[in-house]
Amino acid sequence: MSVPGEWFRRLRYLLNRGAHDEQLRREMEAHREMLPVRARFGNTLRLRDEARDVWGMRWIDDAGQDVRYAARTLVRGHRSFAASAVLTLAVAIGATTAVFTVVSGLLLRPLPFPNADRLVAVRGTTPHPAQGTQVTNLPFYRHESRALEAFAAYDVYARYMRGDNSVERVMAVRTEPAFFPILGVSALYGRTYDASDGPTVVVLSESFWRRRFGGNRDVIGRTLILDDRPYTVAGVMPGWFQFPYRAASLLEGAGGGPQRTDLWMPFDPPLPPRARLGSVVARLKPGVALAAAQGELDAIAARVDAIVPNNGRQGLSITPLLDSIVPAATRRLLLLFSAAVVIVLALACANVANLSLARMMLRQREVAVRAALGASLPRLARQFLTESLFVAFTGGLAGVLLAWWVVKRLIATAAPYLPRAHEVALDWRVSLFALAICTAVGVAVGLAPALIAARRDPRAALHESGGQSTMSRRQRRVRDSLVVAEVALAFMLGIAAAAVLRELIHLRATDSGIAPHNVITFHLGQPRGAAPQGGQRFYEIAGRVAQLPHVQAAGFAQMLPLQSWGWAANATDFLVRGQPPRTDEFTMELRFVTPGYFEAIGIPIRRGRGFTEADTPANPRVIIINETLARRAFPGEDPIGLVTTRGTIVGTIGDVRQAGLDRTPLPELYTPIAQNWSQVSDLGMTLVVRTADRPEPTIDAIRSVIRDADPRQAIFAVKTMDAVIEDSLSGFTLSMTILSAFAALAIAMALTGTYGVISYLASSRMREFAIRVALGSGAVRVSGLVLGRAFVLTGIGLGAGLLGATLSMPMLRAAPVAVHAPGGPTVLVVACLIAAVAGIAALLPARRAARVDPMTALRTD
Amino acid sequence: MPRDDGLPPGTLVMLILRVLAAGPLHGYAIARRIGQLSHDELSVEEGSLYPALQRLLLKGWVNAAPAVSETGRAVREYRLTAAGRKQLGVERERYRRMATAIATVLDTA
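Protein sequence lines correspond, in order, to chains A and B. Sequence positions in the first sequence follow our numbering and run 1 to 861. Sequence positions in the second sequence follow our numbering and run 1001 to 1109.
Just chain A, same shape as in the assembly:
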């Protein structure tokens, strides 16, 4: 029965138990004094302890004693054990904590908005998955929903801000007025906007405010010219407010710009009622469950379907906003890393448990002596647990520091791929996790020695010869299986890392279909509707850039391969004129280019010709297709000269891996921008320039040509094509680096673990070896015994690891690109590496065994 009052009194006792115990001592002494002499018997100390035990607080004194004893033992007597155990655990707990910190920051930590659990992301649903997830008919829901108190649509747009002598492209989020009230955030300076504001206000992000206005608070009320229209600055948001996360990834059209939102502004004009909306956020009424709200939305959707003609059963679905932020691919990747780090942690635990077991054997005498002197067995077991907990927490503390450093570095590198990266921090969740991990590790590592200590008969230990005690069969089996497990786990991680590494090498060597060296790219953008008529200016810029010294070719494309390449169109109506419609459905990619593009980026023209200046709207429409499209659309035909629904085919070009080095080339159709200007005008263009050697020195000259030709163009994301390709692999490279680091850790731990077990095994058999040598066994034979044991264990471990790797291979699908199952040679290389590592680990003990001097070894007792 532990009522609160009792705990309160216990606590009070705990806080001044010195005084309390003193009073107890005095009154018990007085009591004894008053007794008749014949009745004064019994151990006063023991009687008092029994009285004190009633408070149930003795463990605190005991624990303090244990910790002091543990610290003393470890620092004085077992320094090398303590150092290796603490180091091993520091690395493993550090890695585990680092991974958890990222997982927690991305997935567990609530969004930094008030009542964030009531925020939901709204998506459109339709029976046809191909139609996407855009939200339709929002006004109906807004009007009828009782479960959701407000909705706000938003989208991301590039805007062009006129400065003194240049144009800057800014990342703008256009929102409905309810956006800020729904999120419940307020401005750092000034204010946000709501329904009462006109359409010409903007709210700046903190980073944009610092960059463009030097952090000057006078900015409130100032005027900004965006796309040639004046806007009034209403406020500045705090730096942590970056919703929507990773705005750039939501942006249509040319990518490669800044990742973060620069400003928020209302939709102008307001959204039409039939608008299809890409992003909508909403807030549940207090106390309404998600499922109930979803039920209501479904009911409204049914009514909407009855009212709106041709609605096609479109509805809405809601998910917690938190769950919608981190993409599924990132979640899978985090799961993969978690699995890898758990393996590393398990290996570390196995190693340290192994070390403590070995130490335990050496300490059997100490234990026996202490048991003989009256230490109870549970008390002894607790002592061992305290020691391992002490080691775990020391290692854990170092590990948390390590994690803090690693996470800081990792976030700096991974920020472009991770939404919420700036919210990742060592918070209380992480602290709690680290605490739990330390405790679990301490118990896991200390349990085996503690159990052995508790079970051991002290007399047996005292009878045994010191230090050289042999292992029981069971103990040996435990340690053997530790080696097997370590080898197996390290092998699994090794295979995974090798598979990913091989894939990366393979991808880097993949022919992308273009010649990326000495190519520099520039993104150009201009305010909506302000594009020069007919795209003539882009031909002019390309022509002038091509005249620059060192420049070999220059041309425009709308989007770059491997960057933001997508512009899919249905190929069903792509036919030779007069032919019946196609029966097979497939999509093709539309590319809009100027004549110099193919030469500039290095796409070979296979047949026919490229585009020329003469391909203007005044002349017949011409197209060029890639080989994949030619094969797909006109199998067995010569496509050159065919007059199709999209123009006359004048040439075919080589395939390009536009979508990713790991993806097969898509069917592509190229048209000159001059003949398709209406489809191109509003999105930006990308200038591709090929130079004779390193392109960097030419950048300034190219910039000034562009500025000279059209001062209203914003130039951004200037990158070499090599860098664009590298960037397309950077997420994968990062994952590979992390996975390899884990694999390297695992193999290192397997090495030390194997070394520990084999060398203990060898030293415990030293007498046996000595006898063998004395009886005439050669040194080679003796070391062979040790090595043979090591190789048997390693072999079993490799077999188990291969099995485990085969079973867990599907996890590798989480990698950002498709990873193929590793072939025999890869597996064999890893297996040899691990066998070699195990061999090295066994070599030292084997040599020691071979050099055993029978006289010394047999006399050690």
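A few of these clues could be false.
Partial list, derived from the structure: chain A residues whose beta carbon lies under 7 Å from chain B [to be verified]:
1) D21
2) Q23
3) R26
4) P581
Estimated spans, in silico, between C-beta atoms of each pair [stated by the list, open to error]:
5) B:G1072 / A:R379: 18 to 28 Å
6) B:G1010 / A:A39: 20 to 30 Å
7) B:R1097 / A:L108: 53 to 63 Å
8) B:G1072 / A:A39: 40 to 50 Å
9) A:R476 / B:G1010: 48 to 58 Å
10) B:K1086 / A:V443: 41 to 51 Å
11) B:Y1095 / A:A291: 24 to 34 Å
12) B:E1041 / A:R46: 48 to 58 Å
The following residues of chain A were derived to be distant from chain B, with all beta-carbon distances above 12 Å [as the list claims (entries may be wrong)]:
13) H20
14) H31
15) N43
16) W59
Think of the hints as simulated: they come from the structure by calculation, not from any bench. Glycine included, every Cβ here is placed at the ideal spot set by N, Cα and C.
Use these hints to put chain B onto chain A, whose structure you have.
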């Protein structure tokens, strides 16, 4: 573990509560009072008295205040709290029921 003092389990607490109901006493005086009242039939040893007193303190049934013994030593005087008085009622009732039950079994079996 309180040692065996010949008392049925749980009754020591009730006896202490009962003698304290008459007024505050220190430890030795409690033991002596129980002895006197039982005509030296019951003797309460230190080994069971002090653990029992700690339990009473922990349960909040008694308070302790500094006092001086007849021999001039610093001791603690135990005083019944309201909760202790209530507990005494509970214990007495339980003891009465138990004693009756035992007597019934002894008489009728």
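Here's how the hints hold up against the structure:
Checking D21 (chain A) against chain B by beta carbon gives a least distance of about 11 Å; that is not within 7 Å, so the hint is violated. Residue-level restraint check for Q23 (chain A) holds (minimum Cβ-Cβ distance to chain B is 6 Å; threshold 7 Å). The restraint placing R26 (chain A) at the interface with chain B holds, with a minimum CB-CB distance near 5 Å, inside the 7 Å limit. Violation of the interface hint for P581 (chain A) is found here, the shortest Cβ-Cβ separation to chain B being roughly 90 Å, above the 7 Å cut-off.
Between G1072 (chain B) and R379 (chain A) the Cβ separation comes to about 40 Å, which falls outside the hinted range of 18 to 28 Å. One distance hint, 20 to 30 Å for the beta-carbon pair G1010 (chain B) and A39 (chain A), holds here, with the actual separation near 24 Å. Checked against the hint of 53 to 63 Å, the C-beta distance between R1097 (chain B) and L108 (chain A) comes to roughly 55 Å, which is consistent with it. Range check, G1072 (chain B) to A39 (chain A): Cβ separation about 20 Å, and the 40 to 50 Å hint is violated.
For the pair R476 (chain A) and G1010 (chain B), the supplied restraint of 48 to 58 Å holds, since their beta-carbon distance comes to about 52 Å. Our hint of 41 to 51 Å for K1086 (chain B) and V443 (chain A) holds, since their Cβ atoms are close to 43 Å apart. Judged by the Cβ atoms, the range 24 to 34 Å given for Y1095 (chain B) and A291 (chain A) is violated: they are separated by roughly 57 Å. At roughly 27 Å, the beta-carbon separation of E1041 (chain B) and R46 (chain A) lies outside the given 48 to 58 Å, and the hint is violated.
Chain B draws H20 (chain A) into its interface by the beta-carbon criterion, the shortest separation being 9 Å against a cut-off of 12 Å. With 12 Å as the threshold on Cβ separation, the claim that H31 (chain A) sits away from chain B is violated: the shortest Cβ distance comes to roughly 4 Å. For N43 (chain A), the requirement that its beta carbon stay farther than 12 Å from each beta carbon of chain B is not met, with the minimum near 10 Å. No beta-carbon of chain B comes within 12 Å of the beta-carbon of W59 (chain A); the shortest separation is about 16 Å.
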